[in-house]
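The primary structure of each chain is shown beneath.
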Amino acid sequence: MEKEKKLSLILFSGDYDKAMAALILANSARELNMKVSIFFAFWGLCLIRDPEKMSLEDKTVYEKMLGMTAPKGPEDLPLSRMNMAGIGKAMLKQMMEDQDAPNLSAFLKGAQKKGVSFYICKLSLEIMGFTLEEMIPDVKIMTAKDYLQDALEADIELFI
Amino acid sequence: MEKEKKLSLILFSGDYDKAMAALILANSARELNMKVSIFFAFWGLCLIRDPEKMSLEDKTVYEKMLGMTAPKGPEDLPLSRMNMAGIGKAMLKQMMEDQDAPNLSAFLKGAQKKGVSFYICKLSLEIMGFTLEEMIPDVKIMTAKDYLQDALEADIELFI
Amino acid sequence: MEKEKKLSLILFSGDYDKAMAALILANSARELNMKVSIFFAFWGLCLIRDPEKMSLEDKTVYEKMLGMTAPKGPEDLPLSRMNMAGIGKAMLKQMMEDQDAPNLSAFLKGAQKKGVSFYICKLSLEIMGFTLEEMIPDVKIMTAKDYLQDALEADIELFI
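Chains as they are written, first to last, in the working numbering: chain U, 14 to 173; chain W, 14 to 173; chain X, 14 to 173.
Extracted from the complex, chain U is given alone in its bound form (with noise of 0.2 Å):
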């Protein structure tokens, strides 16, 4: 029998373009039984956020300011271009509409629904100031050398 391929993906972005090309990769590497890892780095904290639980408890000045204007949640990310204070977005997402695609919220309640692996990188989330607990559920911590160790089992690696 042929080992199971696998998919590693680090999201580093916080664009809500490029975390759907994310989600959309790791949802099908799913239906095509993959397996699938997302590590999430730096701005990709952005999508794992979960708007409902922000807390200022026990942070500096600076972890409360990075809190309040970096983006909370999937549908707050912004373009990667074109975002034009918002105007492109939400033309993007009324086209997705248009052809009943799925929001990035629903693709990323999938993505976890189908058994992609969702990891948080330990460094990031210290040092912009974020709590495991202001994070969506089922996100696991993990280091660099982590991330390292479960790529080297996977058949493709990407940066995003």
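Heads up, a few of these hints could be off.
Stated by the list, open to error - Computed beta-carbon distance windows for the label pairs: (1) W:Pro150 with U:Asp151: 54 to 62 Å; (2) X:Met81 with W:Gly99: 17 to 25 Å; (3) W:Thr144 with U:Asn46: 28 to 36 Å.
Read the hints as simulated data drawn from the structure, not as lab findings.
All C-beta atoms, glycine included, are put in the ideal place defined by N, C-alpha and C.
Once you've looked at the hints, dock chains W and X against the given chain U.
Below, chains W and X without anything else, positioned relative to chain U:
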């Protein structure tokens, strides 16, 4: 005999400099007799738009707007940074000319002539409202699953 | 005995945060006894410019302009987002200091000390008008073909 090596690229970005990086890697890989696939997704579609084949027929208002404002073909792409309303790009293009480096259109034609396989992301095409007829010739439509199966055969996979 | 594992990175981006991601991965891989190559291309060259070795000799007007406006060394790089004319970056650097995380220059020196191989893209160097003498020591020039042959030996390849 050793198995043929293969390079698999996703070009997600619509930046002049990133598209150039992708095409230089693709052309160099062909010169090493590697197989090469480029999967154009999202903004990457702008690179393979044929500027003379734009159509507004059967498009929604948003699709028309996007079609008119998004870059039309290789020489219309902006730089990923220091674009400065086109001044930075004009400067870079002049510097490339001073070094006798070919421009992006030449790299693009070279890639197709050298046998690089061009694939376009089905979902991106639908969401952005472009049609295959508006693209340069010899581009095939592929789903995300097709991409993954193609990438599984590759030795190097990059997301650009 | 198992074959040594290898990580191959292209650093195309000239952003502070992306350069940090690249160096954290590179340093972590070395700590796992993996071989590591970083191929600096385009804006990535800004990271390895030696701020004290800038030269204007034998340069065209455009090369001088680019040399003066592009970031000079690690601490001069902007953030990929929320840079806000440097305020965002200053904030991030303070937050890193609060967590006792080293800054980008320290990660860069650490990488060379740990034995990460630094390669510079020949064509990028020529187009941007930089010389090897303006870069930090122990960087070798490589063509795109050399990069591909190096990456073919790697287990993980990422474009950052």
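Hint check, failures only: Those not satisfied come down to hint 1.
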